[in-house]
Every structure is written in C-alpha cells, then in structure tokens.
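Engineer: Model the placement of chains H, L, R, W and A on the given structure of chain X, informed by the hints.
There are 6 protein chains.
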Amino acid sequence: MKYIESFREGETVNEIYLVRSKKSDITKTGKPYDKLILTDKTGSVDAMIWDPNSAGIDDFDVLDYISINGVVNNFQGANQLNIKRVRKCGEGEYDPADYLPVSDFDIEEMWTKLIAHVNSVDNPYLKKLLESFFLDEAFAKKFKKSSAAKAVHHGFIGGLLEHTLSVTNMCDYFSKAYPMLNRNLLITVALLHDIGKTRELSDFPQNDYTDEGQLMGHIVIGAHMAMDQMQKIEGFPQKLSGEVTHCILAHHGEYEYGSPKKPALMEAVALHFADNTDAKMETMKEIFSSTNEDGWLGFNRLIDSNIRKTSN
Amino acid sequence: MKYIESFREGETVNEIYLVRSKKSDITKTGKPYDKLILTDKTGSVDAMIWDPNSAGIDDFDVLDYISINGVVNNFQGANQLNIKRVRKCGEGEYDPADYLPVSDFDIEEMWTKLIAHVNSVDNPYLKKLLESFFLDEAFAKKFKKSSAAKAVHHGFIGGLLEHTLSVTNMCDYFSKAYPMLNRNLLITVALLHDIGKTRELSDFPQNDYTDEGQLMGHIVIGAHMAMDQMQKIEGFPQKLSGEVTHCILAHHGEYEYGSPKKPALMEAVALHFADNTDAKMETMKEIFSSTNEDGWLGFNRLIDSNIRKTSN
Amino acid sequence: MKYIESFREGETVNEIYLVRSKKSDITKTGKPYDKLILTDKTGSVDAMIWDPNSAGIDDFDVLDYISINGVVNNFQGANQLNIKRVRKCGEGEYDPADYLPVSDFDIEEMWTKLIAHVNSVDNPYLKKLLESFFLDEAFAKKFKKSSAAKAVHHGFIGGLLEHTLSVTNMCDYFSKAYPMLNRNLLITVALLHDIGKTRELSDFPQNDYTDEGQLMGHIVIGAHMAMDQMQKIEGFPQKLSGEVTHCILAHHGEYEYGSPKKPALMEAVALHFADNTDAKMETMKEIFSSTNEDGWLGFNRLIDSNIRKTSN
Amino acid sequence: MKYIESFREGETVNEIYLVRSKKSDITKTGKPYDKLILTDKTGSVDAMIWDPNSAGIDDFDVLDYISINGVVNNFQGANQLNIKRVRKCGEGEYDPADYLPVSDFDIEEMWTKLIAHVNSVDNPYLKKLLESFFLDEAFAKKFKKSSAAKAVHHGFIGGLLEHTLSVTNMCDYFSKAYPMLNRNLLITVALLHDIGKTRELSDFPQNDYTDEGQLMGHIVIGAHMAMDQMQKIEGFPQKLSGEVTHCILAHHGEYEYGSPKKPALMEAVALHFADNTDAKMETMKEIFSSTNEDGWLGFNRLIDSNIRKTSN
Amino acid sequence: MKYIESFREGETVNEIYLVRSKKSDITKTGKPYDKLILTDKTGSVDAMIWDPNSAGIDDFDVLDYISINGVVNNFQGANQLNIKRVRKCGEGEYDPADYLPVSDFDIEEMWTKLIAHVNSVDNPYLKKLLESFFLDEAFAKKFKKSSAAKAVHHGFIGGLLEHTLSVTNMCDYFSKAYPMLNRNLLITVALLHDIGKTRELSDFPQNDYTDEGQLMGHIVIGAHMAMDQMQKIEGFPQKLSGEVTHCILAHHGEYEYGSPKKPALMEAVALHFADNTDAKMETMKEIFSSTNEDGWLGFNRLIDSNIRKTSN
Amino acid sequence: MKYIESFREGETVNEIYLVRSKKSDITKTGKPYDKLILTDKTGSVDAMIWDPNSAGIDDFDVLDYISINGVVNNFQGANQLNIKRVRKCGEGEYDPADYLPVSDFDIEEMWTKLIAHVNSVDNPYLKKLLESFFLDEAFAKKFKKSSAAKAVHHGFIGGLLEHTLSVTNMCDYFSKAYPMLNRNLLITVALLHDIGKTRELSDFPQNDYTDEGQLMGHIVIGAHMAMDQMQKIEGFPQKLSGEVTHCILAHHGEYEYGSPKKPALMEAVALHFADNTDAKMETMKEIFSSTNEDGWLGFNRLIDSNIRKTSN
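Residue numbers (my numbering), protein chains in the order written: chain X, 3 to 314; chain H, 3 to 314; chain L, 3 to 314; chain R, 3 to 314; chain W, 3 to 314; chain A, 3 to 314.
Looking at chain X on its own, in the form it has when it is part of the complex:
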C-alpha cells in the first residue's frame, strides 16, 4: 500500500483511502470543485477534485473508501493531491486496519483484566457505581473503541482501555506500597477517571473533539457522568460521592491542565501520578517505537525536553 506519509511532490498515486471530510465549493471563475481530506493510518492529506462532474468521478460521501488516481502537488509548503478519477470501493477491497490506528494489545484480553479490577472492589456502593458503567453493554462497546487522545499518546482504537488498565494496575501497586490509601476508592476512580473521553472525542476515523468536548472537557463530563449514576444508587454515602467526584476532577493535578480542583485527598494525588506517569511513558514509547534514530530527536513539547533513546 502507498501510505500518505510517503507522498512526495510530483508522484502519481493510485490507491484506496478513507474520506474523512468533503466540501463542495466554487472557484473564483464560478466552476465547482470538491475539497477532501483523505486519510490512512499514517496521516492525512488535502485533496482537490477540480472537475467533480466529469465521468471519472463516482459519487461518494464522507467515511467512504475511495480508489483514486491523482498527482501530488505542493501547495503552500504542504502536499496536496490533485484527483483525476474516483471510484467508490466496496467492503473487501481494503483492510480497515490500514486506515485506523489500533492498540497493540488484544482488546478483549484487556477488557477481562479491567473487569477483574471492577470485581476486586468490595465497597458495595462503589461496586454498583462501577457496574453501572462497565456492565452496561452500550457503554462497554463505546469504551473499548475509544481512543484516549486526539493526538499525543494512546491516540488509537482501544487506547482509552489500554490507558485505563495501565493506570488501574499502577494504582493497585500503589495501594500495596502505601497501605494508608483507600484501595476501594482508588481502584474505582482509576477505572472511571477518563470515562468522559467517550464523549469528548468522536469515534474513529474522526477521533476529533466533539462540540461537548470543546465546551466542557472530559474531566467535567466524566465527573458529571459519575455524579449522575451516584445520585441513582440508593444510600450512596454523600461524603464518598464527593470523594469520587473530586478524584476525577483533580486527576490532571494542575489548574492549567484543566483540573478545577487540585488533589486534596491521598487517592486523588495517587491517581494523578498514575495518570501522568502512564501518559509520559506511553508518549516516549510511541516516539521511540516509530523511529530508528538512536541520537537526539529534538525538543518534545509534552516531555518538555530534547529526548533520546537510552543506550543498552
């Protein structure tokens, strides 16, 4: 397959890509044209159809897979595809895995481990709260598909699950290393801390911020989702309910990262560290896995340093 990241100016391309967006417009001289964004798992490219009504151009919509013939141009410093012919493809002509990034781990195996954590919680209210989410089929289906980010780390199908499992495993370790931690609370909030991401980000292939995500953010969405469920569980202790909500709200640790409260409980502090550690470890893993360079890779904004792989 000809991947988008390998495009070079002047190349002719004959390949199938996924249509991520499509807009119709007219030129200054009044002629219609279509502007697309095509995508595969290596990236995206703008594409122009200057004669959309010609014979060689099939009808198609966003999220269709299309086989195109075109040429790579340079427009204002970026690649742009000039498309000559378009054919809409049917299932079987392409492998979706070429178009959408996905976790390296088996999703069902990760899910099983996650459910084991749910079952390990023995406070009845917290267990009911967890089950209201993770035993709900629609939620589970959505959760498994979600990414944990638009970009940066865990930005792939299953990414939310992979990150949540990793954070919960670490919180489990913390609860053993620091017995003063309330394990039931900590495991609960580890499992729930990013549930708001199921609504903050749209499904693949868009995997982009929803309107709700832009306006509220996954922290507030997730806290609201948890509060809603806790209100429905009879007898849920009020103090405990506040603590669950607080840990979700505070898990980014700093105001400037969108937490409206700083961690005030020991479990909130522990959750913040587990979340942050996993984010940074995964970020570096993704970067180092995607390059053969052994030297310095330049400044990385998330790590806030020039970085390099360790020698071995």
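Same chains, same label: a pair holds when it works inside one copy or across any pair of copies.
Below, in silico cross-link-like pairs of lysine-lysine (DSS-like), each with a Cα-Cα straight-line distance of 25 Å or less:
| hint | residue 1 | residue 2 |
| --- | --- | --- |
| 1 | Lys33 | Lys4 |
| 2 | Lys30 | Lys4 |
| 3 | Lys311 | Lys178 |
| 4 | Lys144 | Lys234 |
| 5 | Lys311 | Lys25 |
| 6 | Lys178 | Lys282 |
| 7 | Lys30 | Lys86 |
| 8 | Lys90 | Lys4 |
| 9 | Lys152 | Lys282 |
| 10 | Lys311 | Lys130 |
| 11 | Lys311 | Lys264 |
| 12 | Lys43 | Lys282 |
| 13 | Lys282 | Lys264 |
| 14 | Lys241 | Lys152 |
| 15 | Lys311 | Lys241 |
| 16 | Lys311 | Lys287 |
| 17 | Lys287 | Lys152 |
| 18 | Lys147 | Lys282 |
| 19 | Lys37 | Lys4 |
| 20 | Lys241 | Lys129 |
| 21 | Lys241 | Lys25 |
| 22 | Lys234 | Lys130 |
| 23 | Lys115 | Lys178 |
The set of hints was computed from the structure by calculation and includes no laboratory data.
Because the structure is a prediction, the values reported are computed rather than measured.
Structural biologist: Only chains H, L, R, W and A this time, still in chain X's reference frame:
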C-alpha cells in the same frame, strides 16, 4: 452593644453573643474546660470557660445566643475571652441583625428585579431552565439567604442575590452595547453562574466551605445542577445545553481561578468580565466603606495593589 | 475589484493597488530591481519589478496608486507578484475606500456622542483638560482618523474613536451601577485613556508603530500628553492630576501588558475592565463577522482559547 | 544614646527621639490620648501618651525632637512605648546624625565626580539636558538629600547620589568595554535614570512614598521630567529624545518591575544591567556590614536565596 | 516523659532534654547568660539560663543530655524556657529514641531489601558502581543514619534508606509495566538518586543543611559522587556514564526544583515520577498519622491544597 | 566566493564547500542517493546526490572540502542543492577561514591577557586550581578553539576565550568598584565559569551539543571539572572549594536557565551579572554588525524585545 471588633485586652465584657462553635476538652492537669467561638456581625473571638460545671454556667449549644460575663486576654497575639458566667438567652432578648451580616439592599426588591430578568428571556428552553430554579420555592429561599463568599466580597446574607443581580444588569447592558451577543443565553448564564454557591457554602452564621464545596467547588457544582435540569427538559437543544454549561464552567476566566475551560464563546467572555468587574467594584466599595482613612490603605491581595480612595 | 486576499499562485492580475513601500536594489548579477509592498483593504503582498527601467514601467512613489499587470508566484510559501507593467493612476480612477479599512459607524455621529460625554463632565479642571484635547482642531482631526491598533481589534480608520466611545459608554454605565465611582474622573480618563495612540501609530495606509511608539508606547505617551496639559491649567489640583495620570498609566491592568502601575483607584480598575471588555468583544465580533464557519475556528491568541460562534 | 533597636520589654527609657507622626484620638471610655511614632537611625517605635493634658507633657509637633520618659511594653508582639513625660528639645541638645541615616561617602566629593561625568558628555543637546537638571540649584539640593529607596538598598540621605554615581561609573566602564555603545547617550541616561525618585519619595525623616510616587512611580515621573526639559531645548533631535526617554522607562528591565517597555536599545540594556548590579551589590554590602554572623543568614527576598558572607 | 510539643505558658518543667545549641552572651547590663536550644523528638524550644555561674548549673556542652528545672514563658509569641537548674546526665538516664526521630521500619531489614536490588542489577559496570557505594562500610553506615530531608517528609533517622527503598521498589514495578525501560539503568539510578543527601544534611540531632549542601545541593553532590566512582571503573561506557549522571541530575523534574536538566531519557522520567510520588505519599501519610482531625486540615504548601483524610 | 546565504532558487552553483554530514539512503524505488549538509561561514544547506555512483562523483567523507556543481531547488520552503558533480579538494585549494567563523580578535593576544588574570590571583590554592587548567597544554589548545555557544552569541572559534576574557575584565572592574568582593575568588570563577563548554560542544565545524552536553550541560560539567582538580590540590580549604563550585553552578542566575542553585554569595551574584551583561552586549553587537538596517529589526528572542540600532 459591645461589638467584638472593639475588644481590648483587659476589658470586662457583659453582652450577648452567638455561639458559633463549642468544644469540650480537659487540661493537662485533668480539669474539663470548654472552648467556644463567639460571633457578632463585626467578627469572632475565641472564648474559654475554665470551669464549665460551675453554678454560673448555663447549658447551651452551638447557634444559641448567650449572655456572658468575661474578661478579654491576649493569647499569642490575639484576643481571647475568659468567661466567668453564661446565661442562655431567649428570642426577643437580642436582634439577629446584630449578629449576622446582611446586604444593604432589600432582599425582596432585589428578588423582584431578578425575576424580571428571568421573565425577559424568550427562548422557551432557557426560560424553563431558569424557572426550574428560580420558581422552585426551596431553591429561592436558599438562594436569597446565601452569601457569595466566605470572605472577600459579598460575604453576607443576600450577597449571592445582590451579586447575581448586579452581574445580570451588566450583562443586560452588554447585550445592548454588543448586539452580536445572544441575549437569551447571556442573561440565562448570568442568572445561573453562581448557583453552585448555595451548596459550596454553608448557611450563616457558619458561612464556611462545605465538604462538597471543598471537594468540587461552586463552578462544577453549579454546572452539574444546570446539566441535571437541562436533561429533564424535553427537547432542550444539545448544542445550547453545552453552551450554558460552558459559560458557567468558564466564568472565572482563568484555569488558576478554578475554571476548567477558558471562555470560548462571546457570551462566556462577557459573563466573565461582568463577574470579575462586579467582584472588584464590590471589594473596593466594602473596603472604602469600612474606613475613614483617606490615604493609602496598604497592599490589597485581591486588587493586587496598594489602594486608596479617590479624591472628590 | 481583484482583492489581494484572493490571489492564487499562477494568476495574472490587472488591477490598481496602493504602494505602501518601495525599495530599489540590485541582483547578484548586478541588475537593478524594485521591491514593493502593495496593499488594498484586504491585505498586502510583496511585488517585484525585475526590469524597472523598461518602457512599461512608469515612475511612481510610495503612497501612489498604480495600475499593474503581473503574475502571482509562490516565494518561500507566500504569494509574490511579478510585475510586468506599471501605470501611475490619477484621482478618480480608484475608490480610496477599497484600499483603507474604515469603521462601520459614521465618524461624525460617533464624534458628536463623544463630545456629549465631554460636556457631561462638570468638574471645571477636568472639563478644561478634555477641551484642551477634543476642542483642538488638529487633535480632533488626527483622533478621528486614527486606528486603535496595528492589528488585532479596531485596526481601521475611526477605530480609536469607536473604541474610545464604547469604553466611555461603558464607564458611564459603571458610574450608575457603582455610585461610589467618581463619574467626572472616570469619564475623563475613559475619553483620554488611548490618546497616546495618535502618536504611537502612523496614519493609514502605514498604520505602523512610529519610532516614538516603539520606544515609549501609547500608555506613557498618553500620560505625558495629559500631564503636559494639566501643568498648563492654572489651579489644577495636584492630587487630581496624579489620579488622572494614574488611570491612564494603569489602564492595561497588568505589568506584562505595559502598565507601569497596577490600578490602585476604583476608577482605574473600572477603566481597565471597560477597556479590556471592549477589546475582547470587538476582537470576537471582527473574527465572527469575517467568516461563514459555524464550527470551531481554532486557537485565538488574544482570547487564549479555541473559539466558535454561538448557536442561536 | 539608647537606640530604639535595643528596646526590651519592661525597660524604662529616658532619651531624645524624633517625632515622625502624631495622632490624637479618644479611648472607648472617652479619654483623649496621643499615638506617636518615634524614630532614630536604628528604627521606629509606636508610642502612646495616655494623659496628653497632664503637666509633664509639653506641646510638640511632628518633626520635633522630644526628650521622653517612658516604659517599653509589648503590644501584639511588638514593642510599644508608654510615655509619662515629654519635653520638647532645642537645637544643640541632639545630633541629627543619630536620627537620620546618611551615606558613608562624602556628599560633596560624590557630587564633584558626578559633575565630572556631566562635563564628559560632548553631545550639545544631551549636555544641555543634563545641565538643566544638575546645574539647577534647587534640583541639586534636592538630589543630594534624596535616598534611593524607602527600604532595601541605598535607603539613606545621599543614597540617590551614591547609587547614581556608581551606576554612571559602571556605564563608563561598559562604554570602554563595548565601543559600539553610544557613550554620550549612556552616560546621560545613567545620570538621569532615577531622577524621578526626588519626587517619588518624601524627604527624610519620612522617606516614604508620596501620593505622586504611589500613583505614577519614579520611572514615569523621571521620564516625564526628562521629556519636559527636552521639549524646551531648541533643536533637540526627536529620535534622540525618544532614546533618552526609552532608556529611563526601560531601566528596570522587566514589566513586572514597573518598566512599561523592555530595553530595546543597546544602551538601555547596559543601563539596566548597571542599575541592577549596583542594587544587588549594595544590598549584600548593607546586609553583610550589619551583622557579625559568618554563617548562613536565611532567605533574602531581593537576592531570592539564602545568603552568606564569603570566606577569606 | 514531658514532651516539648506539650509545653504551655506558665508550666514548670523537670525533665531531661538534648542540648542542640548553646551560646553565651551578656545582657545590656553586663551580666552573662546562656541561650540554648533544647530538643526532643517532638520539637525544639529556646531556653535561657540567666545565671549560668550559679551553683545549680552544671557544666555541659552541645549534644549533652541535661536534666533541667525551669518555667515556660511566652516570648514574642513563642514558648521559651527559663532554666533554674541544670544537671548533666549520664548514659542510661535517658532513652535516645525519645530525642531523635527514627523510621517506623527496621533499618537492617530495609537494608537487606536494598542490597537485593543492588544484586539484581546484571550490567557489570552498573553493579560495580553500586557496590562502590553500598558495599563500602563507611558509606553504608552513613546512609542508614541519614534522613531524607530537614523537614517535610522522611525527616528522620533511616529516612533516606526508607525513601530510597520505596523509590527503587516503584521503579522495579515500572520496569515490569513498561518493558522498554532499561531496568539495569533505572534500578541503579533509583538506588543512587539521593546519595548526595548524605553530605547535604548533617547528622542528627542537627539534621541541618551543611555549608556544602547550601552551596551545591544534594543533586549536584550526588551526581559528582557518581561521576567520581564511574571514572575509577575501568571501561565504564561513556554513554552509560552520561545517562547515569543525567538521571540523578534530572530527578527533581523541573528547573525550579533544582534540577539543572529536565528528564530526557525514559528512565529519567520514570525516576522523577517515582521520587515525586513517594515524596507526596509520605508527606500525606506523616500528616494524617499525626492528627486525629477528620475534617479539613488547611492549606498544605507541599501538596498545594487544603487537604483531608479520606473517609472509609 | 559564492556564499551559501546568497543562494537563490534556480541558481547553478560551482564552488567549494565543507561537508558537515553525509548519509546514504535509498529512494522508494530502490535507488541509492546521498544526503549531505554543506557548510561555509555564512550558513549550511542540505544537498542531494541522486546518482552517487556516477562517474562525476568522487569519493569523499565528512569534513572533506569538495568542489561541487549543482542547482539550487526549493524543497518545502528551504533551499536544497541538487549536486551533479563532486570533486574532492586538496589543502591549498580553499581558505579554511571562509568555512569556519572565528573571533575578530587575535587569539594569542587574548590568551596573554587571560594568563595575566591568572597570574594576578594571589591565593595559592586558587592559583594552583587555575594553573591546573590554563597551564595544561591540551586544555589550553582546546579552550582557545572552543566557541561559547552553538548559536546566539560568541558562536565562533575563539568565542569561549573572548567571552571569558570579557567577563573576567568586568569582574576585575567590579572588584574595584565593590571592595567587599573577594577578588581572588571572583577572578578565579570568572576564568572557570564556562570551562564546561569545552566538553558541552563539539569542535568546529560541527560546533554542536555532545551527548554529554545534552545530558549534563556545561554548568554541571564545569563544576565537576573544577571539583575534580580541587580534590587533587592538597590542603585546598573545604569552604573555599564549595564557594568556587557554587559560583560556577549559579552563574546562570536562575533555575530556568539551568543553574541548580541561585547565587548566594556576593561573588556569585557579581559573576552572574558579568556573564549576562557580556552575553547580551555581544548578542546585540553581532546582530547590529550584520545588518545595514537602521530601523527596527523585529522581535529578538534573547533580548525579549523588538530592537534597533541607536542613532548617533
């Protein structure tokens, strides 16, 4: 009346005060004593009863009004009252207004103006949302009594109402000066922006952060209250619901002041300015009203400057 | 008219533009060429005349209007015009309004409202101070033409007047909402707060920072202009003079925005809020007015957030 | 002499002090009393006269020297003098040097060196500007008496002169080390950079911020003083005038230290470093000179570090 | 035993304390006196001997244990002991554990676990490096006695060992959770990251910053100690040596916390999180263990939030 | 000579350049190509050899001088050279001074002045320390060749020497202006403050960060080099050794600039100012020397302001 702010070391005091807290303990030598916090509208003072079982000491509880006889001491640089006699008072012996700070404006008159703003909103969904709060008798009663702060500005009974009305008036002005603003949305969020304070702060005379207030803050509480109501209103447009929530979340304007989102809509920006302007104007008004000093008053943390009254 | 913002690589352009700058140089091979900046109300473009001594190239100077024939190239990612022929135009061939941005409001109507504010001040010293500026013909002429910014908001002819009027209107509202404010002082400093911009920015079409503007900034220039006038008004109270100067100096509110003093008077705080609110409202208005996009518009540096138009 | 810094609770004091402030008030019980601040070169102390109308209490005013008899008490953690008798002193009974801090260097010798710097400037406009200040008798008298700070460094009579001379010397060194510097400009702004302090601070013994100082600060006052003079010098080049003003405005180097402009000219950068270096060197010199402690002295806010004397 | 933290004004105290410092001086009236700091495991108190040459006052030195008789006074808001009699004690009269804070865990058991980590490293150079420290008897003795802080967390004998073990355990967990981590490097730097503290802080009972600690800090001291040893190990790979040093230098994670480099290697990031997590967990554990209060404890500077114990 | 900074798209180039890097790769279609970086004293350019095995392409290596024939293309907004022919040059065909930037001052003359500073130190331990570096032939050779920066200021051969001499001269001035400074210590640390740069940066023509430089930085490297030598000098006073190390560590003045300690000694403060002043003066000198522009040059990141040359 002998006000607490006028206490001087060595004075004997015979007066009625409100009991804000009471703790019983024993001294190193095993003798029981009571430690109280007494309050009036000018402040609070620690008070000790070294012989709580003596004849002159009536039984009483927190929030009782007691007539005391005692002497003002200096303990570690602060006034402390040594109480010799305590008599519990009945209603009629004291005027509650001497003990609890209250708005200078008439609460019912302000309420009428607030309801007029509610009635001026002509989007049916937003109006229903507002009515679900302001036409609810329990909420209205609570709202009228609430202060807008533990300290700083509007820290008195009716303070939340006074501040909300002032912010809504200013948003009304803004909607005329900047016609691009969506008036219905702006008036709605002006009225709702601080409703979370009814749960963040306990009633007077405590007027202190609740556990929920500490863990979540009034911004998230208020956003959650609004979301809860909007979910119950059939057909409430999803985009509009996100916008209402966003404006409440963003009204502090900066992450470091507890807003998990920065204002992204024109109405959110306008609300933030109205809230901030009213807070600062009221802060200065309260400071300048409480002093006869015409010169520089020293550094004020909220204004972030040395301040003084303007000449006239 | 063919606007500069619509240029696309490869287009041939025949149109009249305003010459904003012109520099003559020689190429590596010793041949003379001219480098111009051409402008219309939609933007600017670099333009090259590779054969300035050829027959088709008229003599012309900066601020002339020239009719050109040329081709749009891409040079290092930006459009550049290669000019083949130049003809200098006479008045009547073009409409200056196509070349210089101007306020949407009628300048004389705004001026009348501004003068009404001047007349509403009843402190004789402050009134004399205002009249020394606004009744001075040369100043008035300059003030009406000035923009309020090089870019960002109110960056058009009449922009300084429009912004000053809007800020003064809002201060008028504040003086009613907060009676403790000294209205005479507040209206005065609202009217004067940005007078330094008449010297910080050069006239259109340049509308660029002057040397004085770079070295001193409009805040200090404006404060100095006011101080100069107040020194000339006999009997001007010294304390009041300091207060006027302070409000001008502090109107940006923060050191990092160029205010050498933080607002210390109630009127200084009010002026800062009025200025900041109007700047942000106008910024968003200008952005939303210039696009048909209903979704998220991306990160805006001044608002410090991704922004979008509100639904209605 | 019994210095104020040596007062201990319970001591009886018979000594002459300078009256820095005096306020008359009445106690809760309606009895008049006076509250003074007495000062000598080692510090200040609050003092109370509980019976101001008694026989032993002479009439006196602020800035009188009075011989007092009193007892040192502790009031809220600070010393307070209870005064029994007051006698107003005549000249000759006391040595003013015991009451006001003064430079270690001879003021006239420093002045001679300063004038030599003035004379070394050979740009006629800059020389005229300098002479308009330093050859003006009233300014010279005021300048020699001024301190360079309320507290921190150079907070003594002659301090402004000492600091200005030291900064000018350093700028002289810089002009040799970096020949690209415009020596005339640099020496001029070194001499003028803090002239605003003659109006920002009142004379000793108050040495406190004036109203003008609070509202405008010495940077803006000084820039205005220089601009005023430059306007009066015929033919003063406009570009040069802007450069002088800029260097004064920018000499604190950072917005947060009250400079409305960051240094943009090489001379402005050099002046900022000379000013800052001299301030920090003098700060440490004053601290280390006033203690016998050879170890760590604790955190110093200005140096932003725990500090200690160097071994030798 | 009568602990120092329980002193109350007016009490008479007869007890044995450790002498932490002793200074001899003379009063204003020329009489000699001694000023001591006495300590036990609950805190310190200033103590005065006003008549050091009287019969009841034994000779003694710093670090002696003395039996004293005295009275608790309040001096400027703090307790101060007025000592009447002093008797120097011999071993056996007191239990050192009452005077010096010590880890709750058994030091030799922790040491055994630490050595197991040393032995688990299978890179021969790193193992030699670790052995050069941990198999060195003098270093081991010093390391076991050291605290990890002057105040804040792990400020007790064995604290450095307890913290180092906890951090190494967590790094061991990380190396399993994130297989891309170089376990040998990570375990090595976990064990070495705080060795500089053996020189930054003096031994108990002082446990205060050494001159070297003030001037260089434990990060640079520790990095230098490691570099010194690596230079002596023949064939130590240069790249690996840089990586070890880097991880030690970067373990505070931020410049403002004294790290001259930000973590650039995955192991440096992991070490920083392990260090920070353990510091915060231990801080909260120490606070919550020392109080019976279940409510909010007020603002904690290290956690940067008001904090409370979690409900259970 | 045809300098790289003068390249324009489309030009044919026949010139000798220095090969700074060379990588061999294959295209998507399997054909080998070489990617070079060529350099001269005016800059660098990427260069491609698409047919490295053709007859016209000599063998050559990194750091060879090659005579090339090629054409300048634009690739993604930057110049790129397409090379047709390569001939490896011998010594004598080129002048190295055209390829490597070098100080404007004579290196041996600067060295003589530096050694005079070394000889002026009369503390025997400090003198031995200085001699262990500056009398060491290998160190001296390395030091003279080193630049003081990868970019920014003093980024040329002899730059480290020029900067060190200038800083030491200024510290010499400071020691006269502020006699409390310990001259021996100050001159010593001025001479040593940047010795770590000899290892932080590789030699020209690379002049890039070494692995050690990235991992540790010149501050820690230099402090370690000094500590190493001081340990070898018998009887070197421990307190003095800490002071030398501290001054080197703290010379950047702020944590965020890589100093793990803030200046705590008077000499450390003085050194920081000398270093910073020289860096900023040289930065401006280099910028102003390289342009004929008399107006504003735009925002400069290091000076943190828009800058311009001063008028004269």
